[in-house]
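Q: Sequence:
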Amino acid sequence: MKKIFAALFITASFAFASAQTISFDKTTYDYGTVKNGSDGHRMFTVKNTGDKPLIISRVQASCGCTTPEWSQDPIMPGKTAQLKVGYNTTITGPFTKLIEVFSNDPQNSRSVINIKGTVEAPAQAQGQMMEMKSSEVATAKTAVLQPMQAARAEVAVKAEPAQKATKKTARKAAAK
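Here the sequence shown stands for residues -17 to -1, 1 to 159, numbered as in mature numbering (1 follows the signal peptide of the UniProt record, and there is no 0).
The set of hints was computed from the structure by calculation and includes no laboratory data.
Built from N, CA and C at the ideal position, the CB exists for glycine as well.
Hints are supplied without guarantee of correctness; some may be wrong.
[As the list claims (entries may be wrong)] In silico lysine to aspartate or glutamate, DMTMM-like type, Cα no more than 25 Å apart, as pairs: (1) K80 x E52; (2) K80 x D34; (3) K67 x D8.
[What the hints assert, rightly or not] Okay, the calculated beta carbon distance ranges per label pair: (4) N97 x D22: 17 to 27 Å; (5) A104 x Q55: 36 to 46 Å; (6) K35 x Y14: 26 to 36 Å.
Could you build the full structure based on these sequences and the hints that come with them?
A: So this is what it looks like as structure tokens:
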């Protein structure tokens, strides 16, 4: 009887020990500094280190600027799959984003991976600003200010007759 219980206990412990297990080649992908508008897609490798099929049920990014793509197919024991993460590189400045990966791993049903980096400002705008000489800046200011000054003068001229009429009306009212 003791041998039967021991055999059942050992069999049950193997049943609980065997499962699907998720692991990643890296949990953070550092883009470094990238150019504005460049390819923002990077790949994470997901591996099933268990002995049952691993299923990634859902992948959720922390914001709309990050888009994950993955296969719905089960990852067999010892096999790998690719998780593609895209970041919108038209948004300039530093970024750090979280991506949640939900699977049937009993120990890690929710895993978190990260992307980070910095997107440079558009090169065209930077180049134009740096290439402008002080005389060009003065010319540009004049080109903007002259139409504004002309518009102010036009408004003042149109307002002048109304002011004269108001003064005449005020004099007539005072004379009565």
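Q: Could you tell me which of the hints above the structure violates, numbers in ascending order?
A: 2
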